[in-house]
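Peer 1: Got chain A sorted already, so can you dock chain B onto it with the hints?
Quick mapping for you: the protein sequence lines, in order, are chains A and B.
With this note's numbering as the guide, the letters of the first sequence map in order to residues 203 to 461.
With this note's numbering as the guide, the letters of the second sequence map in order to residues 4 to 519.
Simulated from the structure, these hints should not be mistaken for lab results.
All C-beta atoms, glycine included, are put in the ideal place defined by N, C-alpha and C.
Any given hint could be a false lead.
Label pairs and their in silico Cβ distance ranges [stated by the list, open to error]: (1) A274/A with A200/B: 51 to 57 Å; (2) D120/B with D406/A: 30 to 36 Å; (3) P290/A with Q224/B: 15 to 21 Å.
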Amino acid sequence: MIELERLGKRYGATLAVEDLSLEVARGELLVLLGGSGSGKTTTLKMVNRLIEPSTGCVRIAGRDTRELAPHALRRGIGYSFQQVGLFPHLSVARNVAITPQLLGWSAQRIAARVDELLNLVELEPSAFRERRPGQLSGGEQQRVGLARALAAEPEVVLLDEPFGALDPLTRDRLQRWFGALRRRLGLTVIFVTHDMVEALALGDRIAVLNRGCLAQVGTPTELLNAPADAYVAELMATPRRQAAVVDRFLAAAARASEA
Amino acid sequence: MAEQLRLLPGYLTAHLQLTLSALLLAVAIAVPLGIAVARRRRLETPLLGLAGVVQTIPGLALLAIMVPALAMLGQLTQRTLGLELRSIGFLPALIALTLYALLPILRNTVVGIGGVDPALVEAARGVGMTESDVLRRVTLPLAMPVIVAGLRTAAVWVVGTATLSTPVGATSLGNFIFSGLQTRNYAAVGVGCAAAAGLALLLDQLIRTLEAGLRDRRRSQVASALLLLAGLCAWAALGFAAPAARSSSREIVIGAKTFTEQYVLSELLAARIAEETGLPTRTLPSLGSTVAFDALRAGQIDVYVDYSGTVWATLMRRAQLPENRTRVLDEVAGFLSAEHGIQVAAALGFENSYALGMRADHARRLGVARISQLAAHAPRLEIGGDYEFFQRPEWKTLQRVYGLAFAAERSMDSSLMYQAVAQGEVDVITAFSTDGRIAAQDIKLLEDDRGAIPPYDAIVMVGARVAREQPEAVAALAGLAGTIDAERMRRMNLAVDQGGRAPAEVAREFLAGLVR
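One chain only, chain A, in its complex shape (with noise of 0.2 Å):
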């Protein structure tokens, strides 16, 4: 569905991106993942155009991003961003509008979409529909975002993490909820984020990029048990040792509760 040949970047002397190629098939969720600066949020960029790739190419369907125009290309993926981005001006329904508006579509069709999607991402219309984005909590803000990025029924959506600011119990039920999301409309997403354990729980496959390069691409599990070099070895034993301080707290609890 999204192929990536040779990509690269390049900002005056220094390389951001370097001779990046990537597949990502139909309903499959790849995640880009890596330290900051890694250049994982300037790829995801590329994809949709918001940054001109230097080198290479972008291929969606087949076809080379370049021969559409960017905004005509953009409005049919769909973006979240780090920065979640909600216009401050505007309702939390005609945040969700814009790009069906942009589109063209019919005044009720749109209605219609609002609505199924603050439904989809569990926020009540009736209650949310007209609320500004300063009135939203951190988590409610990430879904509306979401749900703008969902809007005009994208095939293909490119999350730059979305759920990055969040306190840990919403995020972990956000994920849950989101890995369930995307299997029931069979969204083909790029997922970027710099958390070893979200990548591991939504991944089906993981994109490790190591200043500007690709380091490995695999499953999970390909990734924890054949390692390509020492840089993904070492980021892949972060959220064992993380493991084994919470099993060890776990079988501690257990035996305290026997005695």
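Peer 2: Positioned in the frame of chain A, the structure of chain B alone reads:
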């Protein structure tokens, strides 16, 4: 007071027209310009700098510059496009006020747009907006409260500065203030100030309401503020339509400079033409001194009174004086006709010359009766003069001929000079010899014993168009030759300055007493 209130609707409408036109024009220029340069540092800094420089030019100076600038531009457009530009009146005031209003709107547009979170702009692109969608749906709405705040600043400035557009010939509430100050009619000054302040407060309040409504996203508040502003615009626009319909046949326009005698004479000439010929006339008071001459030459006024010595010294640049008054008159008339196509219809019969005056008791104490006796005392004395005197060639000649060097030269409004010398604020003034306050304030005029000051015969000057096309008007004016002596003029001036009479009324009385 009733007279002032009768004038109020007309002046207020004119003021509103000037103000709103300048603001709308400034918005139409500054907002697109601000959008174009926002986020482009290399353009933004010099452009805001330039607008800032315009802002530092005093309002009165900016208005004054527009007159010669437009006259030059007008010559160019007339030659190349056949388009005539009016260098006095509404146009120069409009341009100057628009320039004045640009900066706050431009600055706030740039700041407002620059203040929109770049992440929101990227989000707008990300959801599929074109660049113009981004501007229309996101950037401008978010920057709007800041832009409107700039408009509010501009509105208050422009309402105030517009009162200064009277000397360039644009009608405004400033007409109350300028003519009131000249004719010591403080009711007029008060009405003008109160109306200008009220208008400024009203606009400020309306735009503040709009701004707050935009910021808090209260749609009904925004709508009602816009509705009231639109109402003001409609009122001003109706005012434009009315005179346009009326003045289809051309009126003869009689100009006046900014002092009492000129107001009286302009009314007198207008009434005389109307009485004798039935032609429509209109007076345009409170023109700056050189503005009046330029306006006559350019055909924007048709008639005004100037003084032979002024033409001699400032236009002909002659320093040497011929032996007598008549000789000066003849040469001046010849010069005006040959160089500018202006006809001198009549010499009214009196001179209004510059004369150095002192309080009578002060002059007596110093033993000064002639200017030559003043030179020895001058280094310990201060001299007060009208705005232009110390720039005029006559002053250079006086200083040279008598060796005068005063301790200080102070410019002030000509109507305040007499009071200033009477109260000892200054020791000597450059009085107008026909001013009634010379006698009333017991001021002694010093004799020009070396003949440095030229004669200043009051002459009625008629522009080329009227001279050519309306000889009956010229004949009516010619009939006034020699009818006003200095004493008569002094009494008419005093009737306005101290008697509180209206210039038009004094003029009518004079004409009624004139033997046909």
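Peer 1: If any of the earlier hints don't hold here, list their numbers in rising order.
Peer 2: Per hint list: zero violations.
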